[in-house]
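The hints should help you fit chain B onto chain A, whose structure is shown.
There are 2 protein chains.
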Amino acid sequence: MAKEKKVEQITDMEVDFAQWFTDVCTKAELVDYSGIKGCFIMRPYGYAIWENIQKILDGMFKRDGHENVSMPMLIPESLLQKEKDHVEGFAPECAWVTVGGSEELPERLCIRPTSETLFCDHWSHIVHSWRDLPMLYNQWCSVLRWEKTTRPFLRGREFLWQEGHTLHATEEEARAETLHQLEVYADVCENYLAMPVIRGNKTDKEKFAGAENTYTIECMMHDKKALQSGTSHFFGDGFARQFGITFTDKDNQQKYPMQTSWGMSTRIIGGIIMTHGDNNGLVLPPRIAPIQVVVVPVAQHKPGVTEKAQALFEAIQAAGIRAKIDLSDNSMGWKCAQYEMKGVPLRVELGPKDIENGVCMAVRRDNGEKISVKLEEIAQRLPELLDAVQQGLYEKAKRNLDEHTYVAHSLEEAKELQEKNGGFIKTMWCGDLQCELDMKEKAGMSSRCIPFKQEHLDDVCACCGKPAKTMIYWGVAY
Amino acid sequence: MAKEKKVEQITDMEVDFAQWFTDVCTKAELVDYSGIKGCFIMRPYGYAIWENIQKILDGMFKRDGHENVSMPMLIPESLLQKEKDHVEGFAPECAWVTVGGSEELPERLCIRPTSETLFCDHWSHIVHSWRDLPMLYNQWCSVLRWEKTTRPFLRGREFLWQEGHTLHATEEEARAETLHQLEVYADVCENYLAMPVIRGNKTDKEKFAGAENTYTIECMMHDKKALQSGTSHFFGDGFARQFGITFTDKDNQQKYPMQTSWGMSTRIIGGIIMTHGDNNGLVLPPRIAPIQVVVVPVAQHKPGVTEKAQALFEAIQAAGIRAKIDLSDNSMGWKCAQYEMKGVPLRVELGPKDIENGVCMAVRRDNGEKISVKLEEIAQRLPELLDAVQQGLYEKAKRNLDEHTYVAHSLEEAKELQEKNGGFIKTMWCGDLQCELDMKEKAGMSSRCIPFKQEHLDDVCACCGKPAKTMIYWGVAY
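Sequence order for the protein chains is A and B. Residue numbering for the first sequence follows this note's numbering, starting at 8 and increasing by one per position. Residue numbering for the second sequence follows this note's numbering, starting at 8 and increasing by one per position.
Okay, chain A solo, but in the shape it has when bound (with noise of 0.2 angstroms):
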């Protein structure tokens, strides 16, 4: 007799869609809390889908020349000061350590919040001639950021991700690695997370502590907020001036080298999750899900259903699928609840009566859609259906953003429109901080990107009634 395992419910999302990301992320055993608030545990299911994430990256990072480095966990306190802006920016949050072994130190040291200041520490030794460069490093590890207010994946005071640090001989080619960087982060949100970006630049305000310029990909979730989702920086020789790295030029010129950084971290995974999941739980793009097809036997009990069930499986592992089959006591409406909550995009399940006809039920997480599959078509119907889910789940984003993104004329308009809808807003900007200002203080909304795209929408600022330099993105962010 199958066990009555209860199953588990989750908020809506139309009630309270923070209770309802909570929810996912417990229950489809993504995190739990550590004794340390902000400093989550990434458990097995989590963790996989992470590791799935990294390795596409960082098999695009080494295909792009990119090589993996391990810099140390503390900053001195005086190394981080040696860049004012970058100081400014990351101090009041950095966690400090003052006491190693039982000594108080003579300098306090910061956890990494971000790792600027090593590389070009590091660089500064290693650095003398242009055949050294371009230096195109890149660091998977923890930083802490000590927030106030934290939730899973969304803002921890630790969290993880990999940190590109690249160091070139020209102002151009640091650029283009820049901006190259953006469509690799752009490349992986839409291909394999299937979530649509916007792709464009920071404004002066919203940039990163010490870059020149800050490129940003911008997705928005199911509650219309936006995500930032991958940033890339420009820096110029800023630092390098201040941390003294120069290299003798092909025309034995003394000069100072261009810098960028960039970095994608585990708060993609809570895009993802605000992306694609429902009120069932989560629902995971194929191509990074841990567990793509699970197969559950339906009466299980009745002669040869096991044996069948485990062939079935065994034909799906050898297809390069990765599969899981669940032969447990559990119910079967546990089960399916279950591997719903978990968001694996294909149940298929297989009864006495499938074996009868050769075949089996497939059934698609996104949109519950039921597809008989002959048994010897598996190889070929399976990478299909999971084909199709990714499309599918690239496609209902898409209409997400794509239907809420709105053209406003004015700063009253912009505000009504993210009152009645939520959304993106886009306006015409005259390019003024005070503009920015009066944005977020009447309407709630920060600035999400200068577009690459840029549309005409209008001669004049949203805002002031000036004349209009660019398009730009507003919206309520993460």
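What the hints contain is simulated information worked out from the structure, not anything from laboratory work. Incorrect hints may have been included.
Since the list gives no way to pick one copy over another, a pair counts as held whenever it fits inside one copy or between any two copies.
Stated by the list, open to error - Using 30 angstroms as the maximum straight-line C-alpha spacing, the simulated DSS-like pairs for lysine-lysine come out as follows:
| # | residue 1 | residue 2 |
| --- | --- | --- |
| 1 | LYS257 | LYS34 |
| 2 | LYS257 | LYS331 |
| 3 | LYS34 | LYS89 |
| 4 | LYS69 | LYS315 |
| 5 | LYS309 | LYS257 |
| 6 | LYS212 | LYS476 |
| 7 | LYS315 | LYS257 |
| 8 | LYS155 | LYS89 |
| 9 | LYS342 | LYS257 |
| 10 | LYS342 | LYS315 |
| 11 | LYS476 | LYS422 |
| 12 | LYS476 | LYS460 |
| 13 | LYS331 | LYS62 |
| 14 | LYS34 | LYS69 |
| 15 | LYS449 | LYS34 |
Chain B alone, transformed into the frame defined by chain A:
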């Protein structure tokens, strides 16, 4: 005209072994020093070795059903203190965070020196039934131990490692896991790193803080000192009791689960250096070498050489070998010295004469042997040669171990042998701590392990003359 770049020189190991080691670490571009003592930078070439070892270990862990997770890097002081022996072992070498943002923290947080306490705290939330067991977890991360004397790879304040943590319903299963994981480490050392090992039990004095049993693999370095290369611990239910981890067993009784942990760290790279390196630099076992074959054209200015070398390089890559080609304008002498320093297992030279004869010249890093290889046979011959290097390195290391392992029947004899030859000294032992302390004080040796492969060397303890219980290995250790 070839640029004459200076060939880096290193100290002979016979002159100053410690300096030789440091020279190899820096000149082979494995590490750089950071601004904090004992926190080393792993440069791309060093980190690539670690990535190769990671891939092998991670594959074995997953093959055996383990899952990766990510725990916080910070441990509240109160959590660390829950297990008495554990905190006594680790508290003296913790780094403490006392300030977060701009505020003094109400409780000090230590940067993890190891994560047993974090895993136990987590398990106390999620383990309820025998159905939840076993928990087979692993984590890749860095840990901090505030050591006084530090050396690259061998003893860092921060180092990278993996820490496996598992929880089982029965002692039998947990003990089997502990031993199995030791065997995994032995497999990696012997079959991938070409490092022969002695497997055994640590004495009570040398075991891990809080463990009931610690198993170890011990390797012998060039200088005849011992390197503990991987350890696996059985904890019994000691932590489970302190952390309140219980489960309902099949018989409906509440029980404490049994726990293990096991770790291997970047220290093993220090072991690779000191096992295989020579006075020309690093020597890498092919199975973990970032570059297995480097192609160096001879007289590359002559027409056709570069093109043929490039074609050869591509054919080698196509054969599934990690290869590199050096077409730089550095001199032949510099290139040869450089790839010897970096320990590349095979250098393949190709010049006009070779092209005429349809051959290339393969030079083995381990013994300098030059082998003429027909170009049409490289896909078969180079993998064979790489296997020969791998095998050659293992055999050389095994000879070093065998030839420098001695039997002693008294403390005086053990002391004399150690002073004269270094190496491992096998004796019988009564099992008393006092004899271990005597051996340390009088002969400068610590117990390395009570080997699984016991021999009967004598009836009595070499130190005190009382009846012997076991055979034991002594040595001077890193």
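Results of checking the hints against the structure:
Taking the shortest Cα distances, LYS257 and LYS34 sit within 30 angstroms of each other only across copies (25 angstroms), while inside one copy they are farther apart (59 angstroms). In this homomeric assembly, LYS257 and LYS331 come within 30 angstroms of each other (Cα to Cα) only across copies, at 25 angstroms, whereas the closest approach inside a single copy is 57 angstroms. Taking the shortest alpha-carbon separations for LYS34 and LYS89, only the inter-copy value of 29 angstroms comes in at or below 30 angstroms, while the best intra-copy value is 45 angstroms. For the homomeric pair LYS69 and LYS315, the shortest alpha-carbon distance between copies (26 angstroms) is at most 30 angstroms, but the shortest distance inside one copy (42 angstroms) is not.
Within a single copy, LYS309 and LYS257 get their C-alpha atoms only as close as 78 angstroms, which misses the 30 angstroms cut-off; across copies the closest is 25 angstroms, which meets it. When the C-alpha separation of LYS212 and LYS476 is checked against a cutoff of 30 angstroms, the pair qualifies only within one copy, where the shortest distance is 16 angstroms, while the shortest distance between copies is 73 angstroms. For the identical chains of this complex, LYS315 and LYS257 are inter-copy neighbours only, at 29 angstroms across copies versus 69 angstroms inside a copy, given an alpha-carbon limit of 30 angstroms. In this assembly of identical chains, LYS155 and LYS89 lie within 30 angstroms of each other by CA distance both inside one copy and across copies; the values are 26 angstroms within and 28 angstroms between.
For the identical chains of this complex, LYS342 and LYS257 are inter-copy neighbours only, at 21 angstroms across copies versus 66 angstroms inside a copy, given an alpha-carbon limit of 30 angstroms. Taking the shortest alpha-carbon separations for LYS342 and LYS315, only the intra-copy value of 18 angstroms comes in at or below 30 angstroms, while the best inter-copy value is 60 angstroms. Taking CA atoms no more than 30 angstroms apart as the test, LYS476 paired with LYS422 passes inside one copy only; the shortest distance there is 21 angstroms, against 83 angstroms between copies. Taking CA atoms no more than 30 angstroms apart as the test, LYS476 paired with LYS460 passes inside one copy only; the shortest distance there is 14 angstroms, against 79 angstroms between copies.
Taking the shortest alpha-carbon separations for LYS331 and LYS62, both the intra-copy value of 21 angstroms and the inter-copy value of 23 angstroms come in at or below 30 angstroms. When the C-alpha separation of LYS34 and LYS69 is checked against a cutoff of 30 angstroms, the pair qualifies only between copies, where the shortest distance is 24 angstroms, while the shortest distance within a copy is 35 angstroms. Proximity of LYS449 to LYS34 under the C-alpha cut-off of 30 angstroms is found in neither arrangement, the shortest distances being 38 angstroms within a copy and 60 angstroms between copies.
Consistency note: the structure conflicts with earlier hint 15 alone.
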